[in-house]
Structures are given as C-alpha cells and as structure tokens.
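Asker: Those protein sequence lines, which keep their order, are chains A and B.
Counting along the first sequence from 1, when you hit position 61 you're at 61 in our numbering, and nothing is skipped either side.
Each number in our numbering corresponds to the 1-based position in the second sequence with 1000 added.
If you're looking for bench data, these hints aren't it; they were derived computationally from the structure.
By construction, the Cβ of each residue, glycine as well, lies at the ideal position given by its N, Cα and C atoms.
The reader is advised that the hints may include incorrect statements.
What follows is a list of derived Cβ distance ranges for each label pair [unchecked claim]: (1) B:Leu-1480 / A:Thr-248: 49 to 59 Å; (2) B:Thr-1208 / A:Arg-45: 51 to 61 Å; (3) B:Asp-1277 / A:Gln-103: 17 to 27 Å; (4) B:Val-1174 / A:Phe-224: 27 to 37 Å.
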Amino acid sequence: MKNDLDRDLSLSLEESAPQASHLDAAHLHAHDTRIHRQDRTYSARENWAHALSLGVYRALSVLVAVGVILVLLWGVMDLPAFGRETNPVENEVSERYLAQGLQEGGATNLVANMILDYRAFDTLGESNVLFTAATAVLLLLRGLQSREANHPLASAAPEAPADPILRAGARALCPVILLYGLYIILNGHLGPGGGFSGGAVMGAALILYREAYGPEKMGRFFSFRTYRAISFFALAFYALSKAYSFFTGANHLPSIISNGTPGAILSAGLILPLNIAVGFVVCCTMYGFFALFEKGEI
Amino acid sequence: MLWWQNIPFFSIILFLLSAAVCSVLPPRGARAWARAVLGLCLAGGALLLAILGQPGSASFTFMMGHFPAPWGNEIRAGALEALLACLFPGVMLCALLSGAPALSSGRQASREPQYLSLCMLLMAALLSQAYSNDLFTCYVFLEIMTLSAGALIVFQNSGRALAAGMRYMVLNLVGSGLFLLGVVLLYDLTGHLLMENLFVSLQALAATGEYHRSLTIIIALITVGLSIKSALFPFHSWAPDAYSSSVPSSNAILSSLVSKGYILLLLKVYARVFGWDLVLLSQVDHLLLVFAWAGMIFGSLAAIRTSRFTRMIAWSSVAQIGYIFLGVGLGAGGGYQAAVFHLLVHSCSKALLFLSGEELRRSAGGSDSFADLAGAARKHPVYGALWTVGAFSLVGLPFTGGLISKLLLGGEALRHSPPVAIITLAVLALSTLLNVLYFLRTMLILWSPDQGSSRRGSLSPLGLGACGLLAAGILVSFFLAQPLLEVISLGLSQFS
Chain A
1 MKNDLDRDLS
11 LSLEESAPQA
21 SHLDAAHLHA
31 HDTRIHRQDR
41 TYSARENWAH
51 ALSLGVYRAL
61 SVLVAVGVIL
71 VLLWGVMDLP
81 AFGRETNPVE
91 NEVSERYLAQ
101 GLQEGGATNL
111 VANMILDYRA
121 FDTLGESNVL
131 FTAATAVLLL
141 LRGLQSREAN
151 HPLASAAPEA
161 PADPILRAGA
171 RALCPVILLY
181 GLYIILNGHL
191 GPGGGFSGGA
201 VMGAALILYR
211 EAYGPEKMGR
221 FFSFRTYRAI
231 SFFALAFYAL
241 SKAYSFFTGA
251 NHLPSIISNG
261 TPGAILSAGL
271 ILPLNIAVGF
281 VVCCTMYGFF
291 ALFEKGEI
Chain B
1001 MLWWQNIPFF
1011 SIILFLLSAA
1021 VCSVLPPRGA
1031 RAWARAVLGL
1041 CLAGGALLLA
1051 ILGQPGSASF
1061 TFMMGHFPAP
1071 WGNEIRAGAL
1081 EALLACLFPG
1091 VMLCALLSGA
1101 PALSSGRQAS
1111 REPQYLSLCM
1121 LLMAALLSQA
1131 YSNDLFTCYV
1141 FLEIMTLSAG
1151 ALIVFQNSGR
1161 ALAAGMRYMV
1171 LNLVGSGLFL
1181 LGVVLLYDLT
1191 GHLLMENLFV
1201 SLQALAATGE
1211 YHRSLTIIIA
1221 LITVGLSIKS
1231 ALFPFHSWAP
1241 DAYSSSVPSS
1251 NAILSSLVSK
1261 GYILLLLKVY
1271 ARVFGWDLVL
1281 LSQVDHLLLV
1291 FAWAGMIFGS
1301 LAAIRTSRFT
1311 RMIAWSSVAQ
1321 IGYIFLGVGL
1331 GAGGGYQAAV
1341 FHLLVHSCSK
1351 ALLFLSGEEL
1361 RRSAGGSDSF
1371 ADLAGAARKH
1381 PVYGALWTVG
1391 AFSLVGLPFT
1401 GGLISKLLLG
1411 GEALRHSPPV
1421 AIITLAVLAL
1431 STLLNVLYFL
1441 RTMLILWSPD
1451 QGSSRRGSLS
1461 PLGLGACGLL
1471 AAGILVSFFL
1481 AQPLLEVISL
1491 GLSQFS
C-alpha cells in the first residue's frame, strides 16, 4: 500500500516539475485536472483508505520510535559508569596520547597531536567529507536560478536594500573576526583551537561581509574561481604532505619533517600547515554552502 | 616492507588527490584523468591479487604514519581485499566508460568534473572500507560514501531524481547514525577501535558474560544500520527510486558498488570484531535470515508488478541483496563465502543490466515502458545479447556466475538445522522461479519481432568494451569458480 503511494507521489512530482516553455493553455488545463484528481486521492477527508493508511502509518512510526528509545535507554543503563578510573577507555591507548604526545607529536595541544599526527588518516578523510558535501551542494544548486530564470512561474525575489547599520557593523567587525579565526588556526598546535574551529569563524566573517555588501562586491575578491583554487590547493597539499609522511613512516625511511621546540610557533612538524589547510577547506565550505543556498552561485 | 605493499596506500591517496584534481580540470581533462587513475588502480589491484591470491600467502598491515596500530591508523590487505581492489575500480571504470554520453550531453556537460570528483571520492571510500583495520576510519569513509552517492542521484536534476535523492539521504543518515551509535558503545565497553583489539576484548567480555545486554544491542544497532544502508528488506523503501531515477552510470554505481561497500563492512565487523559465535549468542542471525528470505520473495514480486524497465532492474536488486544477506546469515565458513561470491557476481551483473539496458532504451527513443521497448534488442543485437547474459546470471542459469552462488547458498543451507535448511531451499526455489518469470518476460519483449522502424543509433566502442568486460566477468566467475572460491576462502581465513 505504502509503496503504491510512494510511486504515485514520485510520479506526480515529476509531472508537476516545471517544463519551461510549453505551458500552453491546454497543457495547463490537463495539468490542473490531474492535480485536482491527485488532491482527491491524497485527501484524508475524501478517501477513507488513504485516511486509514495514514493513521496506521503515524501510529506505527510513533511506536517504533518509542520502542527504539526505550531499548537504547535500557542498553545504556548497562554501560560502565561515567568517568571512573577503572573504565575500559582508560587504557594504554589514551595513556600514550597523554604521556608521550608532547615528545612524539611536538604540539602542546595534545588533541592536535591525536587528530593531526597519530590519527591523521582519519582527519584526512574528515576534511574530504567536507569537500564531498560542498561538491554535492555545488552539483545540486549551482546555476539553479539562472537555469530557471525564464520559467514563467518563477518569481524573482527582490533584492533587499542595503542596511546602513549592517554595513557599518560589518565594516568594523569583519577584519576582527577574520583575524580571530586566523589566530585560532595558527594557535591550533599551542592551545585550544585548530583548523576546524578557526575555519568556521573565518567562514562566518565572509558570510557577514556578503550579507552586508552583497554578492557583487564579494565577487571582487572571492569568486567561484577563488573558491575552487583554495579548495584544490588545500586538499592537494594535505593529501601530498600526509602521503609523504605515511610513506616514510610505513617504510621506516628518514623524514625531513622535524618536531622543533614544543611551544614555538614553528613547531610540531606538519600540524601547523595541516591546520592551515583544514582551516581553508572549512572556511570555503561554510561560505560556499551559504552562498549556494542563497543565490545558487558562489 | 616490500615495494608492492605500498599499493593499497597509494590507491587510496591517489583517489583522494584525484578528487581535488578533477574538480579544477575542464570536462575533457577530468574525464581522461579519472579514467587513467581508475585504470592505474585496477592494474595495481590486479598485481596485488596476483601476489596475495597465491595459496599460502599471508596478509600484511601498513602503518599510516609513524605510530603503530592502536595509536596510529593502520590498513591491512589480504587475498579478499586484493580481489575487491580489482572489482571496485573495474566496475567503476566500466560504469563511467559506458555511461559517458549521458554525463557529457547538454546542460550536464559543465558539471561533469564535479561528478567525476565525487566518483573519485567514492572510490577512495570504497577502498578504505575494504582495507581499513580501524572501525572509526570505516565510519569516516562511510560518511563520504553516503554523501557522494546521494550527489550521484541528484546529478540528474529531474523531480523524480530529487525526490529519490531526498529519501535516500534521510534513510541513509538514519543508518549512519545507528552504526555510529554502535561504534561509540563498543568503544565505551572496550576502549578500542582497532579491529583486532576489539575482537580480543569482546571475546574476554563474552567469556565472563559481562555486558551481555549492551553487546546484543550493539550488534543489532550495527546490523540494522548497515542493513538500511544496503537496502535489505524491510528497509528497502528508498532503493527502487534511488537506483532507477538518475543517469545510467549513477544507477550502476549505486546498485552495484555502494550497497556492496556497506555489506562488506558488515561482513568485516561480523568476522573480525564480533566473531560469529558472539553473533549467534545475540541471535541477530535469525533476524538476518528472516529479512533475507522475505527480501528474496518480495523484491521479485515487486519486480514482476512494475511496468517500467529500469525500475524492474532496481527492484531485482532488493531481491539480490537478500541473497547476499542470506549468505551472511548462514554464517562463518560457507555462508560468508557464498555471500562474497554473490557480491562479486551481482556487482558485475547489475552494472551490466543497467548500462546495456540504457543502450536498449536509447534505441527505443529513451522510453522506459515495456510497450515501447518491444524489439529493442533486435535493433541492437550486441547490447541485447549482453543484457541477456546479465539476466541469465541473476536467474542463475548455467555458464554464468549466478548459478554458482545459488549452488553455494543451497549447499550451505543443508548444513543447518532442518527448519532453516527447508525454508532456505524453498525460498531459493520460489525466488528463482519468480526471477525466471520477470526476466523471461522482459527478454521476450526485448527480442520480439521488430515493429517496422529500421536500425537506429550508433555503437560506441568504449561503451561496448565496458559492457563486454562486465559480461566477461560474469562468465569468468563461472568458468574460474574454483580458483576464485579458493581466493575468497583464503581471504576469509585471513580475517581471523
């Protein structure tokens, strides 16, 4: 029953999808009758079978959700108590991260050692997750508005007038926010911070600037080409530099990367450059999402 | 460390790098780059298989960085991983070669580099799924698989594809979430993410009987999460739309590669993290068997009912996924072996059906209804023959790999308790009968006498070669079944 409904629904979606030019009167009329028929089929008031299946469906989804919640709670009650010294998670793995992280990774921020040195492969994957998401949104939304611009039903949203308060605020705040984001990235191996958080802050600054001054002015220093170039260089640098590090590590070859003096700004081997690369990827992804969802163009 | 042991590491890094490279190249350049990288990694996989597939060879681990395993990341390769390192790039290459016209036509053309970039990310994720020794690394690359596969669906910007992509995304994220919950709970109970260490800790827990309840819930969470993602009945509702709404290469990649990546992960978790005894203790295997039986029947019934050609192929996937899970549910040893073998056969067959089916559809003016497809195979006899080979394999006729998987599944069922054996054999027989029904009907329609119109369309040598390669894979899996099964059982024995 449900599958039938689903199939009809997806069919109707395709049929009602806008076909730009040939929406002549006869076509529109046929379209209307079809929509009307569907309205009656999917109206709970006029079609009792639909009402019944909808009710069963809703009741079942609540039942399943409550069931899963109860089972999960029941399972969690069985787990070791939080924060005890004797818990299984307090084992040799975390012990080495804490005891030898400073000598082995070289960063005073032990979390940076874990994510960018010990388990750098996971983080390489994680920054590619962001790139995947950005590419997926790009594929879906880029140029969507220009593609549908000549559609008769498309309503052009009026451009909001520039707000003087927003402009003045952005002019004062954007440089400071950008600088702070940069600081979080560059300080990632010395204290709390790193590429993910700093990149998000920098992305927020770009979004604020775009909101205040509009896409045209933004386009003077940050266009789609800039976005593409930054993402490419950051990801290629990450992949190549870590490939060198993985290769030398696995084959027990000497590596030219040294840890330096812990605490100095130029220390901790690859962690600082990798933080910068991750920061750029995160910044571009944040801004790219915003721009694509707003206008369909970076 | 021997030089060839660097191949797995280089393939993964090369695919990740290619994703960035493809995104900035012009369409022609991106296409050439993607094909070259896929060919190179296929050659690497073949070399690895030639070395690791030798009887008596051992698996090896590769340290990703300067720190050994429980602290750093690690990948591992054995006979089975080498086999998959040939299968994944091979099928992807065939899908991209044969599906190229739909990618580079009309307004899609400017978006082709992004599409190829996502394919490269998907390949890196699939290979990491096969090679990784660490459950969290598997999760990270599982995210890449989920997102890139969703984007491959919505590449076709039609209403149907968008609706299918949306539903795919929602249900697959639920699946990812359940899997992640399972991994987190496992870490809480053991303090490990590396598969070997998890196995040792879990065996110790099972021996003392501690945390029995949590362990059962964890096994169920991971099983259900990955079942949703690989479209096992009754979690399949997203699959028929997702597998049939997009461009042909996406349909082929989704149904023959992405779902296999999740099943492979489930198999690895069962074999290398829990161990089959623990799965038996939790009784999740019964759940798998029931779902697999039901999927084999209902998937085929739905394929019979549908009136559209690609949707029928998509529904048959639901039934075929049931076959693979039946193998997993029958358990360690013969069951796993049958599951992996059918995974290989189904990858080749399903990609072949989608890709050669697209050529048949094009000769019928792009229509998807059976009425318009009458006589399509006579206009393109070569593609008609290739499609028939794929269909024969899924029915399980002689000279195709599908027969071997059915024999393996049936033989393994006989070693179980009488009720399981009887139901499995009955379901196998019934499902085969239903397969015959809808594939035979389709073949009769396709080969029915031509209605007037002359031969249309031209043959692209690359697309034809790609489909030929997939058909060759199906035939080879029949004629070389014995060596193939030896490699699979060697790979599975290296798991423990």
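Asker: Could you run down the list of hints and mark each one as holding or not?
Answerer: For each hint, the structure was consulted:
no., hint, verdict
1, B:Leu-1480 / A:Thr-248: 49 to 59 Å, "39 Å, violated"
2, B:Thr-1208 / A:Arg-45: 51 to 61 Å, "60 Å, holds"
3, B:Asp-1277 / A:Gln-103: 17 to 27 Å, "41 Å, violated"
4, B:Val-1174 / A:Phe-224: 27 to 37 Å, "34 Å, holds"
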